[in-house]
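Novice: Residue strings, one per chain:
Protein chains: 2
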Amino acid sequence: MTVTILVVEDELAIQELIALNLKKAGHIVLCASDAEQARKMVNNILPDLVLLDWMLPDMSGLEFAKKLRREERTKTIPIIMLTARVQESDKIAGLDAGADDYVTKPFSPRELLARIKAVLRRRLPEMSDEIIEIGGLKLDPVTHRVHVIATDDPSKATEITLGPTEFRLLHFLMAHKERVHTRAQLLDRVWGDHVFIEDRTVDVHIRRLRKILEKVEKENLVQTVRGTGYRFSIEQTEEAVE
Amino acid sequence: MTVTILVVEDELAIQELIALNLKKAGHIVLCASDAEQARKMVNNILPDLVLLDWMLPDMSGLEFAKKLRREERTKTIPIIMLTARVQESDKIAGLDAGADDYVTKPFSPRELLARIKAVLRRRLPEMSDEIIEIGGLKLDPVTHRVHVIATDDPSKATEITLGPTEFRLLHFLMAHKERVHTRAQLLDRVWGDHVFIEDRTVDVHIRRLRKILEKVEKENLVQTVRGTGYRFSIEQTEEAVE
DNA sequence: CCTGATTGTCATAAATTTGTAACGCATTCT
DNA sequence: AGAATGCGTTACAAATTTATGACAATCAGG
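Chain order of the listed sequences is X and Y.
In terms of numbering that gives the first Met the number 0, the numbers along the first sequence are unbroken and rise by one, the last being 241.
In terms of numbering that gives the first Met the number 0, the numbers along the second sequence are unbroken and rise by one, the last being 241.
Heads up, some of the hints might be wrong.
Repeated chains share a single entry, so a pair holds when one copy, or any two copies, can fit it.
List time: in silico DSS-like cross-link candidates among lysine-lysine, alpha-carbon distance up to 27 Å [what the hints assert, rightly or not]:
(1) Lys65 / Lys210
(2) Lys137 / Lys66
(3) Lys176 / Lys210
(4) Lys22 / Lys137
(5) Lys65 / Lys217
(6) Lys116 / Lys217
(7) Lys23 / Lys210
(8) Lys214 / Lys137
(9) Lys210 / Lys22
(10) Lys66 / Lys210
(11) Lys65 / Lys137
(12) Lys137 / Lys176
(13) Lys65 / Lys23
(14) Lys155 / Lys176
(15) Lys22 / Lys214
(16) Lys116 / Lys155
(17) Lys22 / Lys217
(18) Lys176 / Lys23
(19) Lys217 / Lys66
(20) Lys155 / Lys65
(21) Lys39 / Lys176
(22) Lys23 / Lys66
(23) Lys22 / Lys155
(24) Lys155 / Lys66
(25) Lys23 / Lys155
(26) Lys214 / Lys39
(27) Lys155 / Lys210
(28) Lys155 / Lys217
What the hints contain is simulated information worked out from the structure, not anything from laboratory work.
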């Protein structure tokens, strides 16, 4: 998964150290030494995650975090705070402006990477570009294709075509298989946060997705959980046959 | 787990930050700035947990906690106190009023969420979405499935299908096993607050639940306690076996 | 500016769920 | 025993929840 990370840190030595490690881990790294620089950077390229030093020359990290949270475009970006020492007084009201995690200096690169991974997994599991293959369906986020694997001959694969929304919906469901998702949750995570769309619209898209899956007899992977929502699952809920 | 939390805190900045964090954690948040507002709110929507500032403009948090404890409808709601001081004497007074836990300012969102989770697990086990497995029945709130574990081969599991209400009912009973629940209690906690439904309706749902459990010979897990209500128990109240 | 694909909403149909009422059996009380 | 109470069962109609097809608005390219 190629993730773009913005590092906001005024001490150049530390900044570079972090950047080096992140690059080594395969991330794209953007660096800024103060909030103003960071702001410009964000305007230019939207990062997937922000590593934010608690103390910055021009504005406290806290302020900057709040700022990010306020703007529509940046409000959902995960933020990890880099705080010097474990001084409780630093954690001020202790309440951050919505940071997703803290890392206290000094920290090991290993720890930092682990935290980053954890936050990303929590916030954007379906953003990882890994191919997902479940129940005879193979979805490749990179090529943006979905294939049906023939059960008898795994080497054969038929492609199926999905619209943009259906693709994202299927991607999300597959990335979070075996879990029930309410319509509200799906709207939040597939359509985007704070969208003002009817719950029922989800039904329609599920319908569209199923219609396409019907053609390859995979429609029962998308299951209805009455009173709750929908679920992607291999396990078939067989009705009690009398 | 969708939990409704009422935040009673007069400092708006802190109130908002708490609300933000709670929402991010997937909770539904209600806010009040003083006891009077909080009272009205509680009358309207019964929260699952109350975060209560120690000092409020119109009434001490302590007073408000006691008030909640006095009323039938609210007496079981878990309360977490937000206190600026750590004085032992206060702690005792608070425990007296029935607070379930304390968080002293300043605190980190992580800590607050952890405390909330702990309190909920203790007081409202059916809200936590952990898998519950008792007497050969395994209920998973996340996937929303119920399985019967074969006694001879624990790896085999047959799924059973429940309607929404039966699922909630079984979930509640399993989360509070070995306890008798009156019909009124079940209506309050499974159907929800403020519902005006006949007591006898519970019987019917118990019946429906049992009917499904009969198919897998688990119906005696749901037991009748004559004159009181129902109970989920492994222990068999064996009648004169014929 | 046209063309076809995509999307959000509705209206309607279909499927399930749910609360009550009614009846009968069992247990307890008088 | 006879009455009273509590519970189990069944049947049903009302209410709720989903599925589905149609439609208009919007969008992306030509």
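Novice: Evaluate Lys65 and Lys217 at a C-alpha cut-off of 27 Å and name the case that applies: within, between, both or neither.
Specialist: Neither, since 42 Å and 54 Å both go past 27 Å.
Novice: For Lys214 vs Lys39, is the C-alpha pair at or below 27 Å within one copy, between two copies, both, or neither?
Specialist: This pair counts as neither: shortest intra-copy Cα distance 47 Å, inter-copy 54 Å.
Novice: Please work out whether the CA atoms of Lys155 and Lys217 approach to 27 Å or closer within one copy, between two copies, in both situations, or in neither?
Specialist: both (16 Å within a copy, 24 Å between copies)
Novice: Between the shortest in-copy and the shortest cross-copy C-alpha distance, which are at most 27 Å for Lys210 and Lys22: within, between, both, or neither?
Specialist: neither (39 Å within a copy, 35 Å between copies)
Novice: I want to check one pair: Lys23 and Lys155. Are their C-alpha atoms no more than 27 Å apart within a copy, between two copies, both, or neither?
Specialist: neither (37 Å within a copy, 43 Å between copies)
Novice: Should Lys155 paired with Lys65 be assigned to within, between, both, or neither, using CA atoms and 27 Å as the limit?
Specialist: Classified as neither; 50 Å inside a copy, 51 Å across copies.
Novice: Taking 27 Å as the upper bound on the Cα-Cα distance, should Lys39 and Lys176 be classified as within, between, both, or neither?
Specialist: This pair counts as neither: shortest intra-copy Cα distance 34 Å, inter-copy 41 Å.
Novice: State whether the alpha carbon distance between Lys65 and Lys23 is at most 27 Å within one copy, between copies, both, or neither.
Specialist: between (30 Å within a copy, 14 Å between copies)
Novice: Is it within a copy, between copies, both, or neither that the alpha carbon of Lys176 lies no farther than 27 Å from that of Lys23?
Specialist: For Lys176 and Lys23, the Cα distance is within 27 Å only across copies (22 Å; inside one copy 31 Å).
Novice: Tell me, please, which holds for Lys22 and Lys217 at an alpha-carbon limit of 27 Å: within, between, both or neither?
Specialist: Neither way: Lys22 and Lys217 sit 39 Å apart in one copy and 36 Å across, limit 27 Å.
Novice: 27 Å Cα cut-off: does Lys217 pair with Lys66 within a copy, between copies, both or neither?
Specialist: The answer is neither: 42 Å in one copy and 56 Å across copies each exceed 27 Å.
Novice: Is it within a copy, between copies, both, or neither that the alpha carbon of Lys116 lies no farther than 27 Å from that of Lys217?
Specialist: So Lys116 and Lys217 fail the 27 Å test inside a copy (31 Å) and across (38 Å) alike.
The structure shown violates the earlier hints numbered 1, 2, 4, 5, 6, 7, 9, 10, 11, 15, 16, 17, 19, 20, 21, 23, 24, 25, 26.
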